[in-house]
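Chemist: Sequence:
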Amino acid sequence: MRELPTPRSQVPIVALTADVMNDAEQRAMDAGMNAFLSKPLQKAQLEAVLPRGARTKKTPSTVVL
Numbered sequence: 001m002r003e004l005p006t007p008r009s010q011v012p013i014v015a016l017t018a019d020v021m022n023d024a025e026q027r028a029m030d031a032g033m034n035a036f037l038s039k040p041l042q043k044a045q046l047e048a049v050l051p052r053g054a055r056t057k058k059t060p061s062t063v064v065l
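Residues in the sequence shown are numbered from 1 upward in steps of one, following the working numbering.
By construction, these hints were calculated from the structure, which means they are not laboratory data.
One or more hints might be untrue.
Ranges of calculated distance between the beta carbons of each label pair, as one might list FRET restraints [as the list claims (entries may be wrong)]:
1. 42 to 6: 31 to 39 Å
2. 3 to 40: 30 to 38 Å
3. 5 to 42: 18 to 26 Å
4. 40 to 9: 14 to 22 Å
5. 11 to 48: 17 to 25 Å
Note that the coordinates shown come from a computational prediction; the quantities given were computed from them, not determined experimentally.
The C-beta atom is built at its ideal place from N, Cα and C for all residues, glycine as well.
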């Protein structure tokens with residue numbers, strides 16, 4: 001994803017995992033993630049990392065392959 005041309009390479013990517021290892025967050029960030037969330041997920045945690053536009057703007061679903 002990060003190797004795609006801009007603006008696609010700038011898409012925020014959030015890691016969501018149940019991994020309990022101490023280095024899980026660092027590994028996700030090293031892999032290019034913008035944020036890290038672990039399960040069980042709290043709504044407030046998700047809202048804190050989502051860009052404002054993603055929470056308020058209604059857009060059609062898109063699949064990019």
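Chemist: Can you name, in rising order, the numbers of the hints this structure does not satisfy?
Modeler: Hints 3, 4 contradicted; others consistent.
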